[in-house]
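Line by line, the protein sequences give chains A and B.
With our numbering, letter number 46 in the first sequence gets 1242, and the count goes up by one each step, no holes.
With our numbering, letter number 48 in the second sequence gets 138, and the count goes up by one each step, no holes.
Keep in mind that a hint or two might mislead.
To be verified - Heads up, simulated EDC-like pairs for lysine to aspartate or glutamate below, C-alpha to C-alpha not over 20 Å straight-line: (1) A:Lys1252 - A:Asp1279; (2) B:Lys160 - B:Glu117; (3) A:Lys1308 - A:Asp1274; (4) B:Lys160 - B:Asp146; (5) A:Lys1308 - A:Glu1211; (6) B:Lys160 - B:Asp185; (7) A:Lys1263 - A:Glu1199; (8) B:Lys143 - B:Asp185; (9) A:Lys1198 - B:Glu169; (10) A:Lys1198 - B:Glu117; (11) A:Lys1238 - B:Asp128; (12) B:Lys147 - A:Glu1199; (13) A:Lys1198 - B:Asp185; (14) A:Lys1263 - A:Asp1223; (15) A:Lys1263 - A:Asp1279; (16) A:Lys1198 - B:Asp152; (17) B:Lys101 - B:Glu169; (18) B:Lys147 - B:Glu117.
Calculated directly from the structure, the hints in this document are not laboratory data.
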Amino acid sequence: QKEVEQNSGPLSVPEGAIASLNCTYSDRGSQSFFWYRQYSGKSPELIMSIYSNGDKEDGRFTAQLNKASQYVSLLIRDSQPSDSATYLCAVNVGSSNTGKLIFGQGTTLQVKP
Amino acid sequence: DAGITQSPRHKVTETGTPVTLRCHQTENHRYMYWYRQDPGHGLRLIHYSYGVKDTDKGEVSDGYSVSRSKTEDFLLTLESATSSQTSVYFCAISDPGTALGGYTFGSGTRLTVV
């Protein structure tokens, strides 16, 4: 069964620090990788997508992908209390072009002022 | 959020009754999805659609059916609600022209089956 694994946390970091969120996946055929942020009681929102090995930066966020190790990570620099949320890693289902995703259970991030 | 709405936002229903949840989009996206979110399980795909009248099952489709008669509407029906279907249901849309799998989610429907 295809799986996406995340440490549920909570991950607690002080304001201004770097938060590092990690995700592993089981399906070697996966080609598309996403990070969603979900505030308590709200719907998930897309914050990063990555398709190639290496790093992708967008503002304070950096996504990292290593397909050989089947590993995706999200770094949040200069963490703010407003970053406190659950971060969901999602991976497309194999070679499917239907956009179906498998989600991890999410990592809860707490940024302490 | 703009472009995708779900209704109702909250519903309480009795075991054994049919329930229909609606997802409406104004983005003209081809792909639409229904997920449920439960503690300890994360988001799981129920059904998805890749066009009008084109639908397929996800990993937790038992007890659910869907219909898509128009591009903008995707309906999820619980044929005979059970307590195990108490959950938060999210609809999502995706545009293959940009990032297939890069979803925009609706606000969710909190369903309680008593």
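Are the Cα positions of B:Lys143 and B:Asp185 separated by 20 Å at most? Roughly 18 Å separates the two Cα atoms, so the pair holds.
Does A:Lys1198 pair with B:Glu169 here, judged by a C-alpha cut-off of 20 Å? 28 Å, violated
Straight-line alpha-carbon gap A:Lys1308 to A:Glu1211, limit 20 Å: Distance of about 6 Å is within 20 Å: holds.
For the pair we were handed, A:Lys1198 and B:Asp152, check the Cα-Cα distance against 20 Å. 19 Å, holds
Would you check the hint for A:Lys1252 and A:Asp1279, treating anything up to 20 Å between C-alpha atoms as holding? 19 Å, holds
Between A:Lys1308 and A:Asp1274, is the straight-line Cα distance small enough, at 20 Å or below? 12 Å, holds
Holds or violated: B:Lys160 to B:Asp146, with C-alpha atoms at most 20 Å apart: 16 Å, holds
For the pair supplied as a hint, B:Lys147 and A:Glu1199, confirm whether the alpha-carbon distance does not exceed 20 Å. Distance ~18 Å between B:Lys147 and A:Glu1199 Cα, so the pair holds.
20 Å Cα cutoff - pair A:Lys1263, A:Asp1223: OK: A:Lys1263 and A:Asp1223 at ~10 Å, within 20 Å.
Taken at face value, is the distance from the CA of B:Asp185 to the CA of B:Lys160 at most 20 Å? Satisfied, since the Cα-Cα distance of roughly 16 Å is no more than 20 Å.
Just to be careful, I want the Cα atoms of A:Lys1238 and B:Asp128 compared with a cutoff of 20 Å; is the pair within it? Between A:Lys1238 and B:Asp128 the Cα gap is close to 14 Å, so the pair holds against 20 Å.
Given the hinted pair B:Lys101 and B:Glu169, is their alpha-carbon gap at most 20 Å? Cα-Cα ~15 Å, so holds.
When held up to the earlier numbered hints, the structure conflicts with 9, 10, 13, 15, 18 and fits the remainder.
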